[in-house]
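Asker: Single-letter residue listing:
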Amino acid sequence: MKRVVLFSYPVFLLIVTIFSFFFVDTHFFYLQWVFEHLQLQRNLKIFLLLIVIIIFFSYYVYFLHLLQLRKLTKREGIFLIIITALCLLPAYPTVFSYDIFNYMATAKVAYFYKENPYIVMPIEFTGDPILRFMHAPNKTALYGPVWILISAVPYLLSFGNFLVGMYLFKVLVMVFYLLVLYLLFKMSKNMFPVLFFGLNPLVVIETLLSGHNDIVMVWFLLLFLLCIFRSKYGPGITFLVFSIFIKYATLPVVAVFLFIRKSKFQSGKVWRTTVLRWSMYLMVIVFLLSFLREEIYPWYAIWFLPFVALIGSRKKRTLAVILSVSLLLRYFPYYIFLTPAGMTALVKSLITFIPVLTVLFYFAISHVWSKK
Amino acid sequence: MGERTKITKLIAVILFFFFSALASPRILFSASSYVLPYPSAMPGNKTYPLHLLEEKILQYWYFGGFSSIRYNRELSDKYLVEAKILFEYQQFPLALSALHTSDIYFQKASEVYLTQSPEKNGMRDIQLLLHSQAQKHQEILQSLIDTTQREFVWQEERADPVRLKIHEELKNSRKMRGILL
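Going down the list, the sequences are from chains S and U. In this text, residue positions in the first sequence follow the numbering used here: the first is 1, and each later residue adds one. In this text, residue positions in the second sequence follow the numbering used here: the first is 1, and each later residue adds one.
Since the hints were derived computationally from the structure, they do not count as laboratory data. Treat the hints loosely; a few may be bogus.
As the list claims (entries may be wrong) - Here are the simulated SDA-like pairs of lysine to any residue, each with C-alpha atoms no more than 25 Å apart in a straight line:
1. Lys316(S) <-> Ile57(U)
2. Lys120(U) <-> Ser158(S)
3. Lys114(S) <-> Val112(U)
4. Lys2(S) <-> Ile322(S)
5. Lys114(S) <-> Ile57(U)
6. Lys120(U) <-> Ile123(S)
7. Lys315(S) <-> Tyr362(S)
8. Lys114(S) <-> Tyr62(U)
9. Lys108(U) <-> Tyr111(S)
10. Lys56(U) <-> Lys165(U)
11. Lys114(S) <-> Glu111(U)
12. Lys186(S) <-> Tyr167(S)
13. Lys114(S) <-> Gln91(U)
14. Lys139(S) <-> Lys165(U)
15. Lys120(U) <-> Arg132(S)
16. Lys139(S) <-> Val153(S)
17. Lys165(U) <-> Ser97(U)
18. Lys120(U) <-> Pro137(S)
19. Lys189(S) <-> Arg272(S)
20. Lys45(S) <-> Val11(S)
21. Lys262(S) <-> Arg277(S)
22. Lys139(S) <-> Ser97(U)
23. Lys371(S) <-> Leu357(S)
24. Lys232(S) <-> Trp147(S)
25. Lys232(S) <-> Ser158(S)
Unchecked claim - Where chain U lies over chain S, by a calculated footprint (3+ residues, C-beta under 8 Å):
26. 126-135
27. 183-189
No experiment lies behind these values; they were computed from the predicted model shown. The beta carbon of each residue, even a glycine, is placed where N, CA and C say it ideally should be.
Same shape as in the complex, but just chain S (with noise of 0.2 Å):
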């Protein structure tokens, strides 16, 4: 049975990379010739994409399990993490999110264009083809002057191809997811925590599929983490600051920092358990408030679930299991109702709410009767 799971994983991941193909936009002339030819009905694509997230989330758990039950060696669980990231690679990005276009467009104004990406929008270029298919031209820079930096690399060795900057941005991201899940191992010495985040439908589809830079982000919080561990605080703050200037959300975590220098013990398990917490605390507080500044996008998700897979309880880790899905899930009342008004936020909110606050009622529950 493990070998059959084992091996059907990257043709189901391969199958996911073809998929993705269906959802070309009508406007992405460099991929004309697919647009044409692989086209589905619009519901069935919705049906498929639901059957997609549930086969993912089904691959994950039964391999969480397997990790749990020692069934899943170090050696499979890196070739799963190789596989995932080399199967998706070649993923058409925008299924979910058309991120990566607002990334590359901003990398296009600061190094083409040579002007102040937060003071020039895209769609000031009139013309240039990039605002045919690009869904937000009309913002300024939304990331940190960090990132504009890091995205220097995938924009100048693209040599102006749109098509192959677009894979080099992939390759970016699926290096740094790489790197995290590194970090992740350091930090723990144990395989399950690499493969709860890295296996994570959600970490995958939003960083391997859709290209979101907030991976970039976490692997320089952690780095910061890391540094901070091992009293190496001029390095740290510099890699804090990384993070805090790749998409602002990690300011918060300065607050932890300020707790490290005013705490007596500054060393040992409880000490590092304890700033992994409250920098997972931070993390959820700032991914429950982004709703104030537009919405709460499924791939924020990212910015916590590497403190729940350090240190998570069983149940803090049931419930990021559970709010994964229910992010994945977000999309949907889109896709059904073609507009973000109306009934599509009031859906998206209950989706998302709903299954972790029965998960947390559940809980609640049965603490109570466990005491009794």
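Starting from the structure of chain S, add chain U where the hints point.
Answerer: Quick look at chain U alone, frame taken from chain S:
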């Protein structure tokens, strides 16, 4: 001073300047027709020197052709509005000074525009924007010519009187903007 404290202070300074730049007020325009901004702090206001300092600092933030055009265009608008209000309050020397500053920024915006490649995407929109700005400025300047006196003799304390040729200055500014039309 410890190495850590130094790094922390340096980071605090960088963070302060970055967020100051992000938090600085921006002048917004409607896309359909050219709209001048609301008046900012006037000379004599305690915050006026801070606004001048902010302008000096922000010129480095507005790097790049389009950004630079925007920076100069927005400041040209800002000082024209300032001049208009000062004319209305009959603060003629200050009004003429603001008018000159507006002229300088308008000139700079035009110069940067001319250094840009005409093939660059978005240049047509910039051209139209500068054109409608020049038109709007000319309207304002004409209304000032119609409503202010031709000349004014201004005398500072313990100084010789100065004849301010208001109409001549306004006409020069209007003519300069006419180059773009």
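Asker: Next, verify each hint and record whether it holds.
Answerer: Here is how each hint holds up against the structure:
Restraint check for Lys316(S) and Ile57(U): not satisfied, since their Cα atoms lie roughly 48 Å apart, outside the 25 Å limit. Taking the CA atoms of Lys120(U) and Ser158(S), the gap is near 20 Å; set against the 25 Å cutoff, the hint holds. Straight-line distance between C-alpha atoms of Lys114(S) and Val112(U) comes to about 14 Å, which keeps the hinted pair within the 25 Å bound. Annotation: proposed proximity of Lys2(S) to Ile322(S) holds, straight-line Cα distance about 24 Å (limit 25 Å).
Between Lys114(S) and Ile57(U) the CA atoms are separated by roughly 19 Å; this keeps the pair inside 25 Å, and the hint holds. Among the hinted pairs, Lys120(U) with Ile123(S) is consistent with the structure: their alpha-carbon atoms are about 13 Å apart, no more than 25 Å. Among the hinted pairs, Lys315(S) with Tyr362(S) is consistent with the structure: their alpha-carbon atoms are about 11 Å apart, no more than 25 Å. For the suggested pair Lys114(S) and Tyr62(U), the alpha carbons sit about 11 Å apart, so the restraint of at most 25 Å is met.
With a C-alpha separation of about 24 Å, the suggested pairing of Lys108(U) with Tyr111(S) holds against the 25 Å cut-off. Simply put, Lys56(U) and Lys165(U) have alpha-carbon atoms about 29 Å apart, too far for the 25 Å limit, and the pair is violated. Proximity of Lys114(S) to Glu111(U) is assessed by CA-CA distance (about 18 Å); at most 25 Å being required, the pair is judged to hold. Between Lys186(S) and Tyr167(S), the direct Cα distance comes to roughly 28 Å. Violation of the 25 Å bound is thereby established for this hinted pair.
Using a Cα cut-off of 25 Å, the hinted pair Lys114(S) and Gln91(U) is violated, with the two alpha carbons roughly 42 Å apart. Proximity of Lys139(S) to Lys165(U) is assessed by CA-CA distance (about 45 Å); at most 25 Å being required, the pair is judged violated. Distance hint between Lys120(U) and Arg132(S) is fulfilled; the C-alpha atoms sit about 17 Å from each other, no more than 25 Å. Of the supplied pair hints, the one linking Lys139(S) and Val153(S) holds, its CA atoms being roughly 22 Å apart against a limit of 25 Å.
About 13 Å separates the Cα atoms of Lys165(U) and Ser97(U), which keeps this hinted pair within 25 Å; it holds. Distance hint between Lys120(U) and Pro137(S) is fulfilled; the C-alpha atoms sit about 17 Å from each other, no more than 25 Å. Restraint check: the Cα-Cα separation between Lys189(S) and Arg272(S) comes to about 14 Å, which is no more than 25 Å; the hinted pair holds. Restraint check for Lys45(S) and Val11(S): the C-alpha separation of about 19 Å stays at or below 25 Å, so the hint holds.
Only pairs whose Cα atoms come within 25 Å are accepted, and Lys262(S) paired with Arg277(S) is accepted, the gap being roughly 17 Å. With a C-alpha separation of about 36 Å, the suggested pairing of Lys139(S) with Ser97(U) is violated against the 25 Å cut-off. A threshold of 25 Å between alpha carbons decides the hint, and for Lys371(S) with Leu357(S) the separation of about 21 Å falls inside it, so the pair holds. Distance hint between Lys232(S) and Trp147(S) is fulfilled; the C-alpha atoms sit about 24 Å from each other, no more than 25 Å.
A distance of roughly 36 Å separates the Cα atoms of Lys232(S) and Ser158(S); the hinted pair therefore is violated under the 25 Å criterion. Here the stretch 126-135 of chain S counts 3 residues with a CB under 8 Å from a CB of chain U, which clears the bar of 3, and the coverage holds. Under the rule that three or more residues need a Cβ within less than 8 Å of chain U, the assignment of the stretch 183-189 of chain S is violated, with 0 such residues.
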